[in-house]
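J.: Okay, here's what each chain looks like letter by letter:
Protein chains: 4
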Amino acid sequence: MSGTWGNRIKISIFGESHGEAIGAVIDGLPPGIKLDMEAIKFQMKRRAPGQSDITTARKEEDEFQILSGYFNGYTTGTPLAFIIKNKDARSSDYEYIKDIPRPGHGDYTGGVKYKGYNDYRGGGHFSGRITAPIVFIGAICRQILESKGIYIVSHIKNIGSIDDDSFDAIHIDEDLIRRLNTMRLPLIADEKIKDMEAEILSAKADEDSIGGSIECAVVGLPAGVGEPFFDSVECRLSYILFSIPGVKGVEFGSGFYITRMRGSEANDEFCIQDGVVKTKTNHSGGIQGGITNGMPVIFRVAIKPTSSIGKKQRSVDMTKMEEVEFEIKGRHDPCIVPRAVPVVEAAAAIAILDLYI
Amino acid sequence: MSGTWGNRIKISIFGESHGEAIGAVIDGLPPGIKLDMEAIKFQMKRRAPGQSDITTARKEEDEFQILSGYFNGYTTGTPLAFIIKNKDARSSDYEYIKDIPRPGHGDYTGGVKYKGYNDYRGGGHFSGRITAPIVFIGAICRQILESKGIYIVSHIKNIGSIDDDSFDAIHIDEDLIRRLNTMRLPLIADEKIKDMEAEILSAKADEDSIGGSIECAVVGLPAGVGEPFFDSVECRLSYILFSIPGVKGVEFGSGFYITRMRGSEANDEFCIQDGVVKTKTNHSGGIQGGITNGMPVIFRVAIKPTSSIGKKQRSVDMTKMEEVEFEIKGRHDPCIVPRAVPVVEAAAAIAILDLYI
Amino acid sequence: MSGTWGNRIKISIFGESHGEAIGAVIDGLPPGIKLDMEAIKFQMKRRAPGQSDITTARKEEDEFQILSGYFNGYTTGTPLAFIIKNKDARSSDYEYIKDIPRPGHGDYTGGVKYKGYNDYRGGGHFSGRITAPIVFIGAICRQILESKGIYIVSHIKNIGSIDDDSFDAIHIDEDLIRRLNTMRLPLIADEKIKDMEAEILSAKADEDSIGGSIECAVVGLPAGVGEPFFDSVECRLSYILFSIPGVKGVEFGSGFYITRMRGSEANDEFCIQDGVVKTKTNHSGGIQGGITNGMPVIFRVAIKPTSSIGKKQRSVDMTKMEEVEFEIKGRHDPCIVPRAVPVVEAAAAIAILDLYI
Amino acid sequence: MSGTWGNRIKISIFGESHGEAIGAVIDGLPPGIKLDMEAIKFQMKRRAPGQSDITTARKEEDEFQILSGYFNGYTTGTPLAFIIKNKDARSSDYEYIKDIPRPGHGDYTGGVKYKGYNDYRGGGHFSGRITAPIVFIGAICRQILESKGIYIVSHIKNIGSIDDDSFDAIHIDEDLIRRLNTMRLPLIADEKIKDMEAEILSAKADEDSIGGSIECAVVGLPAGVGEPFFDSVECRLSYILFSIPGVKGVEFGSGFYITRMRGSEANDEFCIQDGVVKTKTNHSGGIQGGITNGMPVIFRVAIKPTSSIGKKQRSVDMTKMEEVEFEIKGRHDPCIVPRAVPVVEAAAAIAILDLYI
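Protein sequence lines, in the order shown, are assigned to chains A, B, C and D. Residue numbering for the first sequence is 636 to 992, as defined by the numbering used here. Residue numbering for the second sequence is 636 to 992, as defined by the numbering used here. Residue numbering for the third sequence is 636 to 992, as defined by the numbering used here. Residue numbering for the fourth sequence is 636 to 992, as defined by the numbering used here.
Next comes chain A alone, as it looks inside the complex (with noise of 0.2 Å):
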């Protein structure tokens, strides 16, 4: 069941990178929603190749098509489909993949569990192109999210050895959340940003990749929002953003750090602000025993250096079982990093919706 997700709102996606098309139905919307296609569009733009030096040189349109549950400029109730066909593809770049598995990327996994049958060529449904139904459906998620005065923003939280500020020592405003969701490499600290396309630029001249984090915030979302146990937020976002190629870690508030901490540190103390009830710190990251408590949702995702490199690596030859060195040809992102942003908030744009709703 790989590519089914949602309670309330379910999704569908589908796919192969080489393929005829990718997308997703989406079966709960409420009807009445009026799309606003340019902010689609812009999301999906977002995370487009083929933007700057410091992405992939590959052009993906990523031009989407509705097909269902849309009329006469609203969702209609029913499920939402839509298409994005796939252009610019070059199938005979990947025909090695079939022999020789990409390290770290799903060719050797996929094959043994699909016995071969996987459509092999870049990546096929393992890509991170699919991704961009993703965005689309988030696209819309946060459309309803922020009729309601829910925002979510992100920044990148480091790039290799380069580090952003983080959320938490500052106040989100809404100037910030418009700067962040309009900037190609999204960092609190601006002036960190040449240091960071630096470190992605040094990687790229070495025909290698770099990993980075995102850290992403849900603002607004009222107290009581999530569930105890298993549909916690923490446990609903999780859920998703590990769908996501490359993520490797997600962690709420102070996360990992919060094991060195006493409890008397990482309790949040109650207190009254403007008449509400509000934490004087965040190190749960908004959330307590799985549910929302009004402060600020806070998370950070981990993600891997781009698997395709063009340097020359070491793999097997599945046919003739020996090991072999190689190099992967075509045109690679030596940092997915930004382009991840967009996805990181499309996936908890649908979690958070999902639980909301």
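The set of hints was computed from the structure by calculation and includes no laboratory data. Heads up, none of these hints are tricks.
Simulated coverage check for chain B against chain A, where a stretch passes if three residues somewhere in it have a Cβ under 8 Å from a Cβ of chain A: (1) 842-855; (2) 863-873; (3) 902-913; (4) 940-949.
Cβ coordinates follow ideal geometry from the N, Cα and C atoms, glycine included.
With chain A's structure known, arrange chains B, C and D on it following the hints.
T.: Using the frame of chain A, we list chains B, C and D on its own:
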């Protein structure tokens, strides 16, 4: 839908800390599994409180009673239900929670969500006690997995500032599994046990608590288990792990550290060992494209310091809507991490069996 | 996944006829529902055996015990679990089933499915006794529905050759609802009660049993409940109704008779009554396109004659693989239909609340 | 959640009659299934309109296009998505539905549920056209089942007053399966074909429509498929069958007639045939305790007369809130039953594969 989880093995847990009983229903177990009751009791005892000076002085017997789905020593294949009766409950200890939510607990968020109708005594449904059914279910899943050569083992990675070695550097052999599975404070480097106990006792002396992390390995899983996207091994494991009270982070393989790495280092190159495809390193934690590659599945879980501490804290009196200083009475765990070890293993066993069966 | 059902209200039932206890967990109930225990007991008693000479002489007390999710007289919003202990079980009565499957029962099919590990005593998990938890859950759902002006009422449509009138021809008013809800043999035409009892007693005298059907109405549901396609009102109701042991048919509105009609007759024309859109007829049973139209939802359920009869029957001795003649010992219901009435209503209440909440 | 169904094979259907396209995603198909495109097209054609004077004159091509999950002639194991583009849509025919709901259709209930935002043209998402994806999915499931010796076959049991024989009295052999599977009006008693056509044409001549029922058999299923309670074979089959527009009843084995029988007649006694346990009769329709017993699974489906008729009808003008007389323009099926045959079979194939795989 707080208490239901699983696709092939569906579990439905219930209970409040100071209610009549806690327990669960397990639907989907295969028939004909001979249950090793001693092994189940052993796991329950690992989690049970009151066993030494580094855990709480509360005594909970955790005696379980199977009500259905079990006949003549074997599972029947029909839903297996069990209960654990609540004892030794000093409800009066908790009367004040009604008005003053404890920082770090689900008192406030639960009160908002359930509109004040939830059983607040001892945290009610938010209590760590509700992990006892998880351990019971996990113990059964573990037996099924072990019969197929799949073993789950973990150690405490750190408590506060005291760090153990990691699974990364060593081969996880049968001896290590046996040793860690029976240690009260499971550490790879047993010379650190004293330091770790001291870290806990120091927090205890201060009427405070301390956090920590657990590293867990699933050994013996064949390649090909899991799904791309939403039912990836990472998705399913994190989904259930974050339901354990106090968990604030989950990472796989090199986890957050991978964000500092380059692709040429992070990519696990394939090789052939004894005629079988393996990877030379295991930065991916045994998972690529969401699917196991036959190497050990390795993950770490961040656990916050126990929220209940004896120290004075500040909170809000919800009826008077004013800030107050207060102390939590009762007997507290200075560090929940040792008792969380069998819970993390149990959750892992459930998720892995659900994917594998 | 035999025992889990529901989308918004998730239930998980368990138990064997002669095991320790039967029961269920209900996940998703709203907090703050004041439970009327007398109303629950009343429904349980309607289903309980041993109440007159037209039902079995077995006495089952069906005393339930709530374990969680209920505090100070109200639901808490967390999973509500309850059990009903098994008593008066003469297990020895059923030893022969191990070898000789009873015709019409699940002995043979259960034995194949569960490879002989199932608890065969008294039908085990296949026993009609497992409907007691359904009645309990339904009684709670019913209270929630009634608080919103939605009532469930039914009558016996036929037992053997004796037919009652139908809901078709009459207005279902409060008086009728009250009357039918409290009758032991609920008939619209009470002059038929004698004939129906005679039909049952005649079967009993022959050590045989007799089938029948139940007609049920859900009154007061607003228009707009249900979904097109897979979660239509018909889909959800039939899905749960067919889980009741012995049910072999479900039909809505004019049901199978509609296959004899022309469109001009079967189409329910719209009209205006008291300023509200209604239909002049109700051949569709209050459902069009899977969604309620505000008219009463009406359906009928066919129930086969009790499988357990005293008469000699032929079966197969599974160990010797030879045909044998045998008699079923024990005390049997000559007609299960009267006791099935509260079960059908309970199942309807669960399905309707799950769609409506 | 109108469009998602299944546990092991998850389907998600979408589309409106006059939208861009209809289609579905199928998640959970095993990899390596060689799809027989001719067999799929054959099933699609059985459902397609415009094939004779007893069905509608509308021509729908129903040409499908597979977008994903299919590579080099085989299923890949990843989600298989397909679309069928809409053509020949005369949207203007349906403008009046906005105001005047057609009796028997989902116009009124859909309008209430979706608050007027649904695509009303041609019934939109409520259109019988949405069964085309069901037939496509069923054709794939059918191929998988047939490769395991499981066959689905059906005939028209009655149309109006003209009745065919029943599966009860005959042995369903390969010849019969082949014959019925290829007949335009599949009848056991082919001497009745003329009468049945006359019944349909008579309704057509009156600008009216006529209902009917379909009897379906699943042959070759081993004993032990299905679950007690909620996922019984009856539950799962009825759950999906009632999603077919126009279905108002489902019964298994002797169905409603069993309510007239005594247990001694209705109980299917076991016997041994060719060394295998069978039942002498099949009143239970091959299912006991929700689980197959190895006999053919037999069920009947009641289908109401087509709601769209040319005759004058009365309805309500929703904007003026007054009763009106009106005629439905367009080309209608006088009897939907023949075209429903492949849909019923497809739904059965999906449900059976979902239980069996």
